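The numbering used here numbers the first residue of the sequence shown as 1 and each following residue consecutively.
Hints were generated in silico from the structure; no laboratory data involved. Values in this document were obtained by computation on a predicted structure and should not be read as measured data. A couple of the hints might just be wrong.
[What the hints assert, rightly or not] For lysine-lysine, the following BS3-like pairs were computed, each having C-alpha atoms within a straight-line distance of at most 30 Å:
no.	residue 1	residue 2
1	Lys203	Lys113
2	Lys141	Lys113
3	Lys212	Lys167
4	Lys141	Lys212
[Stated by the list, open to error] The calculated label-pair distances, taken between Cβ atoms and stated as ranges, are:
no.	residue 1	residue 2	range
5	Val205	Tyr253	29 to 39 Å
6	Gly138	Leu237	41 to 51 Å
7	Leu237	Thr217	24 to 34 Å
8	Ser163	Met183	36 to 46 Å
9	Leu77	Ser132	33 to 43 Å
10	Phe126	Leu77	39 to 49 Å
11	Ser163	Glu239	31 to 41 Å
12	Ser132	Arg182	36 to 46 Å
13	Asn247	Lys212	11 to 21 Å
14	Pro233	Asp134	49 to 59 Å
15	Lys212	Tyr192	16 to 26 Å
16	Gln225	Ser204	18 to 28 Å
Quick reminder that beta carbons are idealized off the backbone N, C-alpha and C, glycines included.
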Amino acid sequence: MNFPRRNSAAKAAGVSIFGLVLLFLVWVAGDSESLRANTRDSINPFLVLSEGVKNIFSGPGRFFSSRNSLDKKISELEASKGSFEVENIILSSRVKELERLLNFPQSEGGPGKMVLVSSRAESAPFGTLIISFDQNSGVSKGMKALGYGGVYLGEVSEVGARSAVVKLVTYPGLETEGWLERMSLSITLEGYGGNNLKFSLPKSVKVEAGDKIISNTSPQYLIGQVEFVEERPTEPLQEILLRLPLNLRNLRYVELRN
1 MNFPRRNSAA
11 KAAGVSIFGL
21 VLLFLVWVAG
31 DSESLRANTR
41 DSINPFLVLS
51 EGVKNIFSGP
61 GRFFSSRNSL
71 DKKISELEAS
81 KGSFEVENII
91 LSSRVKELER
101 LLNFPQSEGG
111 PGKMVLVSSR
121 AESAPFGTLI
131 ISFDQNSGVS
141 KGMKALGYGG
151 VYLGEVSEVG
161 ARSAVVKLVT
171 YPGLETEGWL
181 ERMSLSITLE
191 GYGGNNLKFS
201 LPKSVKVEAG
211 DKIISNTSPQ
221 YLIGQVEFVE
231 ERPTEPLQEI
241 LLRLPLNLRN
251 LRYVELRN
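Generate the whole structure from the sequences, applying the supplied hints.
Here's what the structure looks like:
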């Protein structure tokens with residue numbers, strides 16, 4: 001089974017030897033340097049061809065080894081590509097987060113205190129956020145907590161040396177004074193868990209989905225927008241539902257203001 005390969009290798013070797021002998025004879029016999037150069041250039045393609053043929057037939061395993069190496073390299077590059085794509089997604093998310101931080105409202109006294117959210121609503125006591133900060137940072141009870149874009153989240157209810165609890169406006173049963181912006185009407189919001197709040201008004205007051213609710217504070221901050229208006233024939237009041245306009249699970253920082 002190996003004879004054809006050996007014969008081909010032998011023929012290739014013969015071509016190489018013939019070319020070398022011919023080149024040697026011309027080199028010895030030729031008086032002209034240009035003659036030797038021309039002869040060498042003429043024979044060189046045959047030498048290259050014979051060497052290539054010899055390599056192919058004398059080492060077929062090398063081809064497969066190279067192909068395996070190539071496949072391995074391709075797999076490594078594909079894995080690297082996937083890794084880079086994940087890193088790009090993470091970096092893009094981080095850039096968006098930093099862009100949101102730039103949207104915090106600026107008051108006359110300058111920006112408030114930026115603190116890290118160390119435990120979100122799903123893992124902290126229900127309806128609260130746990131925040132962390134350096135000791136002697138000046139965090140005090142009653143400070144307002146703002147999210148991305150100046151969204152009013154609630155107030156600091158408990159303070160420790162390096163951490164504090166923010167009770168959210170969505171805390172079940174917690175009442176917060178708000179302002180129905182379009183109608184310039186003072187309302188009382190009630191939290192009932194998750195990102196949800198509700199309030200009630202007489203049916204004669206026409207409330208629409210999308211109406212903005214802002215805090216009844218100075219300055220005022222956005223609390224949310226009306227999502228749904230529920231009316232029951234047997235009830236004199238309509239119940240209006242709204243949600244915080246951000247996802248607390250993705251919240252990494254809050255701003256504290258007096």
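Evaluated hints:
Between Lys203 and Lys113, the direct Cα distance comes to roughly 42 Å. Violation of the 30 Å bound is thereby established for this hinted pair. Of the supplied pair hints, the one linking Lys141 and Lys113 holds, its CA atoms being roughly 14 Å apart against a limit of 30 Å. A C-alpha spacing of about 22 Å is found between Lys212 and Lys167, which places the hinted pair at or below 30 Å, so the restraint holds. A hinted pair counts as satisfied when its Cα atoms are at most 30 Å apart, and Lys141 with Lys212 qualifies at roughly 27 Å.
Separated by about 37 Å at the C-beta atoms, Val205 and Tyr253 satisfy the suggested range of 29 to 39 Å. Remark: the range hint 41 to 51 Å for Gly138 to Leu237 is upheld by a beta-carbon distance near 43 Å. Distance hint for Leu237 and Thr217: a CB-CB separation of about 25 Å, consistent with the stated range 24 to 34 Å. The hint said 36 to 46 Å for the Cβ distance between Ser163 and Met183, and at roughly 40 Å that hint holds.
A beta carbon spacing of about 41 Å between Leu77 and Ser132 agrees with the range 33 to 43 Å that was offered as a hint. Separated by about 48 Å at the C-beta atoms, Phe126 and Leu77 satisfy the suggested range of 39 to 49 Å. At roughly 36 Å, the beta carbons of Ser163 and Glu239 sit within the given window of 31 to 41 Å. Taking the beta carbon of each, Ser132 and Arg182 are about 38 Å apart, inside 36 to 46 Å as hinted.
Hint check: Asn247 to Lys212, Cβ distance near 19 Å, so the stated range 11 to 21 Å holds. One distance hint, 49 to 59 Å for the beta-carbon pair Pro233 and Asp134, holds here, with the actual separation near 57 Å. A C-beta distance of roughly 20 Å is found between Lys212 and Tyr192, which places it inside the suggested range of 16 to 26 Å. For Gln225 and Ser204, the hinted distance range of 18 to 28 Å is satisfied, since their beta carbons lie about 22 Å from each other.
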